[in-house]
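Peer 1: These are the residues of each chain, in order.
2 protein chains.
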Amino acid sequence: MTVKIEKPKMLPPKNDFGEWYNEVIRMAEIVDTTYPVKGFQTWLSYGWMIRNKVFNILRKFLKDTGHEEYYFPLLIPDNLFSLEKETAKGFEGEVYWVTKGGINPLAVKLAIRPTSEIPIYLMFSKWIRSYANLPLKVWQLVNTVRYETKATKPLIRVREITSFKEAHTAHASKEDALKQVDEAVNIYKKLFETLGIPYIISRRPDYDKFPGAEYSIAFDTVFPDGRTLQIGTVHYHGQRFAKSFDIKFLDSNGETNYAYTTCYGLSERVIASLIAVHGDDHGLKLPPDIAPLQVIIIPITSGKESDNLILEYSNKIAEKLSGEFTVKVDNRDLRPGKKYYEWELKGVPVRIEIGLKEVESNTVTVFRRDNFNKINVKTDNLLEEVQKLMNEIIENMKSDADKNFKSKIYQSEVFFSFTEQDAVSILIDEETGEFKGGIVEVPVCDNVKCELQISNYLTVLGEPLEHRNIKGKCICGRKAVKIIRVSKQY
Amino acid sequence: MTVKIEKPKMLPPKNDFGEWYNEVIRMAEIVDTTYPVKGFQTWLSYGWMIRNKVFNILRKFLKDTGHEEYYFPLLIPDNLFSLEKETAKGFEGEVYWVTKGGINPLAVKLAIRPTSEIPIYLMFSKWIRSYANLPLKVWQLVNTVRYETKATKPLIRVREITSFKEAHTAHASKEDALKQVDEAVNIYKKLFETLGIPYIISRRPDYDKFPGAEYSIAFDTVFPDGRTLQIGTVHYHGQRFAKSFDIKFLDSNGETNYAYTTCYGLSERVIASLIAVHGDDHGLKLPPDIAPLQVIIIPITSGKESDNLILEYSNKIAEKLSGEFTVKVDNRDLRPGKKYYEWELKGVPVRIEIGLKEVESNTVTVFRRDNFNKINVKTDNLLEEVQKLMNEIIENMKSDADKNFKSKIYQSEVFFSFTEQDAVSILIDEETGEFKGGIVEVPVCDNVKCELQISNYLTVLGEPLEHRNIKGKCICGRKAVKIIRVSKQY
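In order, the protein sequences belong to chains A and B.
FYI, the numbering used here numbers position 269 of the first sequence as 269, with every residue one higher than the one before it.
FYI, the numbering used here numbers position 222 of the second sequence as 222, with every residue one higher than the one before it.
Note that these hints are calculated values from the structure, not bench results.
Hints may contain errors.
Where chains are identical, the list cannot tell them apart; a pair therefore holds if satisfied intra-copy or between any two copies.
[To be verified] List time: in silico BS3-like cross-link candidates among lysine-lysine, alpha-carbon distance up to 30 angstroms:
no., residue 1, residue 2
1, Lys488, Lys338
2, Lys153, Lys137
3, Lys179, Lys482
4, Lys479, Lys190
5, Lys60, Lys328
6, Lys436, Lys126
7, Lys339, Lys150
8, Lys449, Lys398
9, Lys243, Lys190
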């Protein structure tokens, strides 16, 4: 299951998050970052299995809600690319352009998709004729590239997004499209809840919405270093793209109308979050449903004759569990401690230790990766006990993550002034004086200039979707009329 | 399950293969070919499901033989691209070059992968240190692009290969690498046999091997129009790529040595073959293991009160089968004949027709897509009967395809002369005077000039892998020493 990559002796502590993150994805064999083009990574086998597990869960949720999986072309001709002016402008600095085919220049340059609105809406305009074709709900899981100018970080800010899940839908009415936005939000909620990734949902400010959207809703999580990461977005387009791409249909009254479209996307940032939110000083902690290996069995041999008994017993235990779980017996010629270290690093949820004591008492010792508890279990109950444990593990992981997340959402009644120091100070721990990060909810007035002033220093994540009673004053001194969330963002 | 695409009244007969193929992939909703860039297609949901079924079968075979799934970067910098001179030269006319990022020219132009030897062997050189790291067997399923100058044809000759499965392996000895070539050949055999796609295996001539390989083995099938299609290749690289990319390891004696590498690939041509080999005048015929929908149930209602009984009964039958099969009740308000037509077009292996007669006799009428037989089955035995039928269907499909394929492999004792007319005449039916196509095995001498002369008119597929007793004379008049296979190739 592993490529032997040279390893340092120790994983840095998670407190030192930047270092920890880079090392854990390397040591646990998620991605290799040494490819000599900035922002392009190689997924290693173990990482790719985790990636596939996550997207297969999402695939099921999408199927259950009537989405159909398609695959749209990688390259977009320049003339199509500029059809939707807002999108073209929004992506102008980020597009990789293909200008040569073989040894000759191309007559029309081709964009590598930074996202697929254009090919998808072009096809929609060919497919949609009448209201009977609607709703049309398609999605794809593809690679996209963006010429990212900021510093890249594996799985977080990359130039090749290897795992871009984008869904696009068209509807006969605004009402239907808005319902679709709700459905999309619910699908993402369900995904993040399944993975135990806490989130907060905000309506992004108009000046930060998807280029071409009427509005954008985003999911953000908080990383251990206090910075936030956008992990999913849902966009309502109204009829804008339908008008740019001529997506028209005959409604039930025989009138021609433009369709209403929505889209929603997420990427390998979900995997980054899974790693960052749950991991600890020992390495990854994987939810049982995501773990490529759920149970690792370590025979504690001692070089004596009884070793055969132990190995035989270990294999029997593996067989007993293998109908329900992915199980492996690690019988490599290494010290148990070294094996523990490796499988903890890889986040295997349950470890079973088997020595002569266990064989003789017809029991096994079960270790939980999430809280390091060890219990002795009779083999007769083993299957049920492990099943129970797996449920406890994900519940415990969720509860830990949620508690941690909630402690990082603050309310502030007022922003005192406009200076960078004051703005950032609301993310500073008053007692220790250290950057605590997280998300602060602050009251502002309805003048966008005040928000923009704040956004010079902090990222404005946007407004809560739900109604709030507003207290406090805006930085301008006027009465606040809404809440905005601010953070230091990845 | 469908996007409503405008349809002509009738599928052309399969005899008119070119037309039939283009129409069947459109009407059965495999791909949409109207994207305005030559050679770039959109996979529709139904086609993509078939594609996923096929590659999931292959995924299992690869896993069972110790291959690990990775994902390597899409873009390759120019300086790396030219490291392996043979490969660079071989692909020089086919590479799409990215020269602009955002609004600026790139310092180093980037190739979109036409295949991934380069990124993969680059990473191998970082990962492989000692014989303990070997064998290393990786694979990926990715999109690649090639600036194809010949006429494109959907799923057969495309510019975006959306589904390129490439496996790459490194070994400590030539012997191990050659064993790997055998394993690869066996995996592909197993895949094609599972799909009922007949094949012939040839060792490609040296002048037509993969650029950089020591030798190439290829799988070819024969299409209904008599032309052959290469559907899979296996390459032995010796130490060539290891030397270009510095893939060295310490062997068990402490000596440094270059690794031996192999690679093998196939693509969506497998889906093209599945369609072309099995389909008929009614549309697709899908092997049950590949069919997204395995059983379609059609209630034969008549607008009477008894319709409720029929629908209820249909749903009960669906439920009975749904544990084992993918089943759907088609209760749309359409004539049964129209429904038959649609699901036959889509290749659903089994159709169940339920009218009042069936309800009253506690039976169902079962229709087989492969041979159009209808039988009446008691519902008590239904599950077992349908399971039996599914086995019979794939066996019958295989046997039909094999019989057809074998009838298209001919032996010829001599090539009379060098003219195009004579060369091609061996693919002409003597009685009817029509192009029959297929593969002809002809004897040649050991002078490559003779082969090259033949290859001016016909594709030389190469030699059989197994030993043959050679009779006859070469075109040059000398005694033949080997057999080569020739065809008109896609």
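Peer 1: Determine for every hint whether it applies to the structure shown.
Peer 2: Going through the hints against the structure:
Neither within a single protomer nor between protomers do Lys488 and Lys338 lie at most 30 angstroms apart by alpha-carbon distance, with minima of 38 angstroms and 60 angstroms respectively. Only between protomers do Lys153 and Lys137 lie at most 30 angstroms apart by alpha-carbon distance; the minimum there is 28 angstroms, versus 32 angstroms within a single protomer. For a Cα distance limit of 30 angstroms, the shortest separation of Lys179 from Lys482 inside one copy, 25 angstroms, qualifies, whereas the shortest one across copies, 69 angstroms, does not. With identical chains, the CA atoms of Lys479 and Lys190 are never at most 30 angstroms apart, being 37 angstroms at best within one copy and 73 angstroms at best between copies.
For a Cα distance limit of 30 angstroms, the shortest separation of Lys60 from Lys328 qualifies both inside one copy, at 27 angstroms, and across copies, at 18 angstroms. Proximity of Lys436 and Lys126 under a CA criterion of 30 angstroms is satisfied in neither setting, with 52 angstroms inside one chain copy and 38 angstroms between copies. For a Cα distance limit of 30 angstroms, the shortest separation of Lys339 from Lys150 qualifies neither inside one copy, at 39 angstroms, nor across copies, at 55 angstroms. In this assembly of identical chains, the alpha carbons of Lys449 and Lys398 never lie at most 30 angstroms apart, being 39 angstroms within a copy and 71 angstroms across copies at closest.
When the C-alpha separation of Lys243 and Lys190 is checked against a cutoff of 30 angstroms, the pair qualifies neither within a copy, at 33 angstroms, nor between copies, at 50 angstroms.
In summary, the numbered hints that this structure violates are 1, 4, 6, 7, 8 and 9.
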